[in-house]
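Could you build the full structure based on these sequences and the hints that come with them?
Residue 200 in numbering that gives the first Met the number 0 sits at position 201 of the sequence shown; the count goes up by one each step and never skips.
What the hints contain is simulated information worked out from the structure, not anything from laboratory work.
Watch out, some of these pointers could steer you wrong.
Claimed, not checked - With a straight-line cut-off of 30 angstroms between C-alpha atoms, the simulated DSS-like cross-links for lysine-lysine are:
id, residue 1, residue 2
1, 51, 30
2, 178, 51
3, 30, 188
4, 189, 89
5, 259, 280
6, 189, 41
7, 178, 97
8, 89, 280
9, 167, 259
10, 178, 189
11, 30, 168
12, 41, 89
13, 97, 189
14, 168, 89
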Amino acid sequence: MTPSPDHHRSPVHGYRPMTGRTFSRFSSFIKNELGINITDGKRTMLQARLQKRMRTLGLSSFDDYCEYVFSDRGRETELLHMIDVITTNKTDFFRESKHFDYLTQTLLPEMVRAGGTGVRRRAAFWSAGCSTGEEPYTLAMVLSDFAARQPDFGFSILATDISGEVLKKAALGIYDHEKIAPVPMPMRKKYLLRSRDRSRNIVRIAPEIRSNVTFRRLNLMESDFRFRESFDVIFFRNVIIYFDRSTQERVLNSICRCLKPEGALFLGHSETLNGLNVPLKSIVSTVYRKTV
Numbered sequence: 000m001t002p003s004p005d006h007h008r009s010p011v012h013g014y015r016p017m018t019g020r021t022f023s024r025f026s027s028f029i030k031n032e033l034g035i036n037i038t039d040g041k042r043t044m045l046q047a048r049l050q051k052r053m054r055t056l057g058l059s060s061f062d063d064y065c066e067y068v069f070s071d072r073g074r075e076t077e078l079l080h081m082i083d084v085i086t087t088n089k090t091d092f093f094r095e096s097k098h099f100d101y102l103t104q105t106l107l108p109e110m111v112r113a114g115g116t117g118v119r120r121r122a123a124f125w126s127a128g129c130s131t132g133e134e135p136y137t138l139a140m141v142l143s144d145f146a147a148r149q150p151d152f153g154f155s156i157l158a159t160d161i162s163g164e165v166l167k168k169a170a171l172g173i174y175d176h177e178k179i180a181p182v183p184m185p186m187r188k189k190y191l192l193r194s195r196d197r198s199r200n201i202v203r204i205a206p207e208i209r210s211n212v213t214f215r216r217l218n219l220m221e222s223d224f225r226f227r228e229s230f231d232v233i234f235f236r237n238v239i240i241y242f243d244r245s246t247q248e249r250v251l252n253s254i255c256r257c258l259k260p261e262g263a264l265f266l267g268h269s270e271t272l273n274g275l276n277v278p279l280k281s282i283v284s285t286v287y288r289k290t291v
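Dropping the structure here:
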């Protein structure tokens with residue numbers, strides 16, 4: 000069905016509840032294409048998120064929206080919008096800050112000493128599931144500080160997410176001032192720019208930091224990520240918690256194929272590899288090294 004302003008919403012709480020058949024169709028697509036397990040207990044959450052798009056399109060029922068989004072026209076024009084509203088985009092600057100301390104104080108000095116990583120060649124980093132950019136920009140700031148202490152150290156950062164909308168925000172590098180609270184004051188002075196109009200209360204990531212990060216849309220369910228190079232360090236934090244165990248194992252093995260031998264993988268503090276058949280061994284809590 001093609002959306003039209005002539006559709007009207009049900010007067011009872013905006014929309015009638017989603018039928019079991021429609022929920023099954025949405026949840027199956029989300030599981031197969033995005034790896035996210037939407038159980039029946041999350042039906043209310045799914046309805047709330049989809050309503051944002053239904054209001055925009057003027058559609059009156061979840062059945063109508065389902066019919067439209069999976070039509071030929073809907074797959075071309077609406078599918079990415081649906082993916083944007085159903086994916087979770089929670090992130091902060093310096094989230095789980097001990098990871099960045101371990102990276103700069105222990106891991107990077109070891110990598111430089113052992114193989115000249117970052118000196119003989121640029122060190123390659125990947126922020127997978129980067130959301131609105133706080134993680135890769137945090138990486139860029141701490142790596143820039145490290146480079147100031149380590150002669151000739153160079154690096155590049157790839158940041159990916161499935162949501163095109165959050166990637167647009169990330170590439171702009173503009174944030175409300177409250178968001179930068181976790182950023183240490185010396186880094187704020189070096190790497191963040193205040194708006195000349197102080198009433199706007201926003202900051203922008205400095206150009207030299209933004210230039211170190213490349214943003215790209217990527218669906219982790221793809222079998223081939225088509226990267227030209229492998230990575231020395233991958234931050235893949237707070238993503239697999241949304242996957243079931245079989246999907247976690249499959250995606251982590253795909254991630255590991257993009258990691259250099261002895262490269263390091265960072266997971267979120269609530270994530271574990273217990274019971275998963277992946278080529279990783281623990282270095283410290285939630286930090287792993289590729290074994291083969």
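Verification of the hints:
no.	hint	result
1	51 x 30	21 angstroms, holds
2	178 x 51	25 angstroms, holds
3	30 x 188	43 angstroms, violated
4	189 x 89	25 angstroms, holds
5	259 x 280	14 angstroms, holds
6	189 x 41	43 angstroms, violated
7	178 x 97	19 angstroms, holds
8	89 x 280	27 angstroms, holds
9	167 x 259	29 angstroms, holds
10	178 x 189	17 angstroms, holds
11	30 x 168	26 angstroms, holds
12	41 x 89	18 angstroms, holds
13	97 x 189	21 angstroms, holds
14	168 x 89	13 angstroms, holds
Figure legend: structure checked against the earlier numbered hints; hints not met, in rising order: 3, 6.
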